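So the protein lines, in turn, are chains A and B.
Everything in the first sequence is counted per the numbering used here, starting at 1 for the first residue and increasing by one.
Everything in the second sequence is counted per the numbering used here, starting at 1 for the first residue and increasing by one.
No lab work stands behind these hints, which were simulated from the structure alone.
These figures come from a predicted structure and were not determined experimentally.
Where a beta carbon is used, it is the ideal one built from N, C-alpha and C, also for glycine.
Wrong hints could be hidden among the right ones.
Dumping the calculated DSS-like pairs for lysine-lysine here, alpha-carbon to alpha-carbon at most 25 angstroms [unchecked claim]:
1) B:Lys157 to A:Lys67
2) B:Lys67 to A:Lys157
3) A:Lys134 to A:Lys157
4) B:Lys67 to B:Lys134
5) B:Lys134 to A:Lys67
6) A:Lys67 to A:Lys134
7) B:Lys134 to A:Lys134
8) B:Lys157 to A:Lys157
9) B:Lys32 to B:Lys67
Quick list of simulated restraints, FRET-style, between CB atoms [what the hints assert, rightly or not]:
10) A:Leu111 to B:Thr189: 37 to 43 angstroms
11) B:Lys134 to A:Pro12: 40 to 46 angstroms
12) B:Gly152 to A:Asp51: 36 to 42 angstroms
13) B:Val26 to A:Arg80: 47 to 53 angstroms
14) B:Val113 to A:Gln164: 35 to 41 angstroms
15) A:Arg80 to B:Gly151: 25 to 31 angstroms
16) B:Val72 to A:Val188: 26 to 32 angstroms
Protein chains: 2
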Amino acid sequence: MNATSPGADGAPIVIPARRGVAVRLVQGEAIKVINTHGRQVVDTWAFNREDIGESMSMEHSRTAMLKVIPRVGDTLLTNRRRPILTWVEDTTPGVHDTLIAACDRHRYAQLGVVGHHDNCTDNLADALASLGLKTHETPCPLNLFMNVPVGGDGALKFEPPVSQPGEYVVLRAEMDLIIVMSACPQDVTAVNGMMPTDAHYAIV
Amino acid sequence: MNATSPGADGAPIVIPARRGVAVRLVQGEAIKVINTHGRQVVDTWAFNREDIGESMSMEHSRTAMLKVIPRVGDTLLTNRRRPILTWVEDTTPGVHDTLIAACDRHRYAQLGVVGHHDNCTDNLADALASLGLKTHETPCPLNLFMNVPVGGDGALKFEPPVSQPGEYVVLRAEMDLIIVMSACPQDVTAVNGMMPTDAHYAIV
């Protein structure tokens, strides 16, 4: 990110409802991801800018954090166990998700949708394509603001976010990276309160 | 698997301590994975036999099962949300894991091991190479018999398995597939009771 890039002055930039954006960060820069309307899940991925095969991994991060959900001070790791993002601020109640796959065309078909439905998997691919990049796989995303409580018996539920409008998290880049954020278009289950909206980000 | 393949008569075949094996199954065949000595984790992957890019996915399976740990009757899905393995029998207390990455050379270095240490990621690669196959990524494994309890606050702990010698699970193939099982060589944390051992499998 250089000084003339969008968002480099800290002004919020839109993540349009149902769409994804890719942003380059250099090591030490931080990004604020804002739940502008309070009930929007933002599926988030990060990739080593020098090698897209190295990506943020929920299963490697959980192993190191010994937690299902990151908290301030935790560092997320890549699939090579290197630090990629540190969780430096969180003004939400701390409800996020690392367990659930990005939605995709197959998910909506199984939920009864006929024909095309926007989805986070395609949003990731489109956002990376805007930078001329492509991945072999869709890594499990960091689902910011997503509310999937784990019951005592390991049961999972899809619930609406509990964050309030304007609450945010700040993530610091631990390497030069590309971060992709998708304002999840899920409107069949309650994960976005049944109404996908814009979200915003800012380089801080 | 044809009638003359090892294990086709239901006789148990060894998964050597610290090593991995790859087995071809046709749709409808089932595999029994036996915790021979009771305290051995078996990292397990499954791949579409026709397209190794389609693999069993913990995050897609959790989304469909609405559970962290599969139970008898549950079906695990691929990264394209197609059924790949159904959990048809489980004589253990039902403690398994879907949250933790396969161990790898980086994990052991971070745990203080100097030099080579056997690991499940290399075991997967070696087992697939024995069939002339290779994957781009190491999917998050289904960690049979692994005991990583999730606390009420989402905290994770590495504990020894609670299964008894000879207890097993049976998984049925829902497509023609390759299953890879690695007798986890972890001897730095307690996940194998500090003593990696053989396990066994049988086609049933």
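Next item on the list: Kindly indicate which numbered hints from before are broken by the structure, ordering the numbers from low to high.
Entry: Of the numbered hints, 3, 4, 5, 6, 13, 14 do not hold.
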